[in-house]
Amino acid sequence: MASAATSADVLNPLMARIAAGERDALRQLYDATSAKLFGVCLRILSDREESEDVLQDVYVTIWRRADRFDSGRASVMTWLSTIARNRAIDRLRARGPMAYAEPVDELEIADGSDSAETLLSAADDRNRLSACLGELDDRTEKVIRTAFFEGVTYEALAKRMDAPLGTVKSWIRRGLAKLKGCLQS
Amino acid sequence: MSEAPDLTEDEALAAEHALGVLNARERADAEQRMARDPAFAADVEAWRGRLAPMLDSVEPVTAPAGLWPRIERLLPANDNGQILSRLRFWRNAAVGGFALAAASLAAVVVQVNQPPVTVDRPVPVAPQGQLLSASMVSQEGRAQPLFVASYDPDRKALIVTSLLPEQSDRDKVHELWLIAGQDNPKSLGLVESGKAKVIALPTEVMQKMSEGAALAVSVEPPGGSKNPDGPSGPVIGVGKLSRL
Chain A
13 MASAATSADV LNPLMARIAA GERDALRQLY DATSAKLFGV CLRILSDREE SEDVLQDVYV
73 TIWRRADRFD SGRASVMTWL STIARNRAID RLRARGPMAY AEPVDELEIA DGSDSAETLL
133 SAADDRNRLS ACLGELDDRT EKVIRTAFFE GVTYEALAKR MDAPLGTVKS WIRRGLAKLK
193 GCLQS
Chain B
359 MSEAPDLTED EALAAEHALG VLNARERADA EQRMARDPAF AADVEAWRGR LAPMLDSVEP
419 VTAPAGLWPR IERLLPANDN GQILSRLRFW RNAAVGGFAL AAASLAAVVV QVNQPPVTVD
479 RPVPVAPQGQ LLSASMVSQE GRAQPLFVAS YDPDRKALIV TSLLPEQSDR DKVHELWLIA
539 GQDNPKSLGL VESGKAKVIA LPTEVMQKMS EGAALAVSVE PPGGSKNPDG PSGPVIGVGK
599 LSRL
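Each protein sequence line maps, in turn, to chains A and B. Following the numbering used here, the numbering of the first sequence begins with 13 at its first residue and continues without gaps. Following the numbering used here, the numbering of the second sequence begins with 359 at its first residue and continues without gaps.
In short, the hints are calculated from the structure, not lab data. The beta-carbon is built from N, C-alpha and C at its ideal position, and this holds for glycine as well. A few of these clues could be false.
Said to hold, decoys possible - Counterexamples of contact, computed for chain B against chain A with all Cβ distances above 12 angstroms:
1. PRO396
2. ILE517
3. LEU521
4. GLU524
5. ASP529
6. ASP541
7. GLU550
8. SER551
9. LYS553
10. LYS555
11. VAL556
12. PRO579
13. ASN585
What the hints assert, rightly or not - A few chain A residues facing chain B, derived, Cβ under 7 angstroms:
14. SER46
15. ALA47
16. LEU54
17. ARG77
18. ARG103
19. ASP137
Said to hold, decoys possible - Per the computed footprint, the stretches of chain A lying under chain B, defined by three or more beta-carbons under 8 angstroms from a beta-carbon of chain B, are:
20. 17 to 25
21. 34 to 42
22. 58 to 69
23. 79 to 90
24. 150 to 161
25. 181 to 194
My request is simple: use the sequences and hints to build the entire structure.
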């Protein structure tokens with residue numbers, strides 16, 4: 013994600029202008045980032061029409077909330093992706109309990125860790141995260157990826173996996189602690 | 359991988375919020391906490407940063423050409439400047455005294471001297487059950503928020519927290535206002551410095567709690583604004599309501 017158009021040098025000043033109410037700046041941000049955010053919505057929702065609705069909502073949200081963006085705390089791309097992911101997950105949750113009916117084992121979970129092409133083109137951060145996720149036991153890795161891409165709550169995960177809530181919670185918490193340790197090493 | 363030490367309870371919560379496993383209520387609480395607890399917010403942002411590379415593997419897909427015009431039509435015209443201009447219009451007199459207020463007031467006076475702008479946009483219907491939050495900041499610079507609020511339709515309440523030091527201004531009180539549509543600002547009561555407060559909302563006020571409406575805080579004499587239609591003292595914080 014380190015292309016010239018989405019570098020902090022380009023995006024940070026845009027965010028300040030958006031916060032000041034400049035529509036042109038939002039347009040420029042849209043041109044630079046909408047393909048990425050549309051990809052995120054599609055990845056989570058697997059539905060083009062819903063993804064378009066969500067993407068529209070995402071940029072209106074960016075417009076409203078740009079004054080809360082703090083470049084000292086987050087990168088623009090992370091901030092934008094978080095909004096897109098949250099909104100897509102809201103939409104997914106709004107589909108109702110049926111969206112949570114599939115057991116985890118049958119989910120198709122993209123595995124970012126073993127594609128040669130992925131590795132070659134990837135940034136270091138991504139490789140490190142993939143490697144660290146890969147060091148977790150399979151079940152924990154799967155649960156964390158599923159939670160991330162689907163916003164599945166602890167309650168829903170427990171139901172899907174037919175495991176007690178406390179157990180699922182401790183898998184994830186332990187997994188996250190290990191992940192942090194691995195990323196720091 | 360060697361055994362990693364457990365995360366502290368706070369960091370675990372931050373990580374869970376970033377990951378997305380919290381339910382709607384817990385998420386709302388976490389968002390509210392981020393607004394008033396910078397250390398917690400930093401933890402959440404750090405976790406978002408750690409997990410974000412998972413999104414790098416997502417292939418970009420060009421959005422359909424017609425989407426931008428749709429977005430542009432939806433952009434609300436009411437930014438904070440316009441909300442302030444409307445508050446200013448309703449104010450009777452500028453009562454200074456509070457250093458922060460005076461400073462922000464100066465900015466407001468420079469910014470606006472005209473009656474409220476009529477904003478032509480459809481009033482969004484507020485579906486009951488939509489959690490909203492607002493972060494009220496002063497108008498000079500984008501500092502830390504001075505007040506944060508979150509609207510919880512299930513509890514029929516607005517939870518507002520003053521982030522100002524306790525008893526920072528004994529001769530004055532802070533009054534919270536709702537600015538929705540073209541209505542006069544509606545007082546939602548007084549907020550004590552450094553305290554959190556749960557304000558029960560009647561149905562007619564709940565109906566006005568929607569994205570794009572704003573909350574503001576003014577500095578008033580003890581007992582609150584004598585003006586029934588809006589603040590009488592300077593506005594020290596304003597923020598729009600938005601979904602999480």
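Checked hints:
1. PRO396: For PRO396/B, whose nearest Cβ neighbour in chain A is about 9 angstroms away, the distance does not exceed 12 angstroms, so it is violated.
2. ILE517: holds (18 angstroms)
3. LEU521: holds (14 angstroms)
4. GLU524: GLU524/B is indeed farther than 12 angstroms from all Cβ atoms of chain A, at 25 angstroms.
5. ASP529: Its Cβ never comes within 12 angstroms of chain A, the nearest being 31 angstroms, so this holds.
6. ASP541: At roughly 20 angstroms from the nearest Cβ of chain A, ASP541/B sits farther out than 12 angstroms, so the non-interface label holds.
7. GLU550: holds (24 angstroms)
8. SER551: Per Cβ check, SER551/B is outside 12 angstroms of chain A; nearest 22 angstroms; holds.
9. LYS553: holds (23 angstroms)
10. LYS555: Given that every Cβ of chain A is farther than 12 angstroms from that of LYS555/B, nearest at about 22 angstroms, it holds.
11. VAL556: holds (23 angstroms)
12. PRO579: The assertion about PRO579/B holds, with a minimum of 30 angstroms to chain A.
13. ASN585: Per Cβ check, ASN585/B is outside 12 angstroms of chain A; nearest 28 angstroms; holds.
14. SER46: SER46/A check passes; min Cβ-Cβ to chain B is 5 angstroms, inside 7 angstroms.
15. ALA47: Interface hint status for ALA47/A: holds (4 angstroms vs cutoff 7 angstroms).
16. LEU54: holds (6 angstroms)
17. ARG77: holds (6 angstroms)
18. ARG103: Nearest chain B Cβ about 12 angstroms off; hint violated.
19. ASP137: Holds - the Cβ of ASP137/A comes within 7 angstroms of chain B, reaching about 4 angstroms at its closest.
20. 17 to 25: Our answer is that it is violated, as 0 residues pass the Cβ test (under 8 angstroms) against chain B, missing three.
21. 34 to 42: holds (count 4)
22. 58 to 69: holds (count 3)
23. 79 to 90: Held - the region 79 to 90 of chain A has 8 residues with a Cβ nearer than 8 angstroms to chain B, which meets the minimum of three.
24. 150 to 161: holds (count 5)
25. 181 to 194: holds (count 10)
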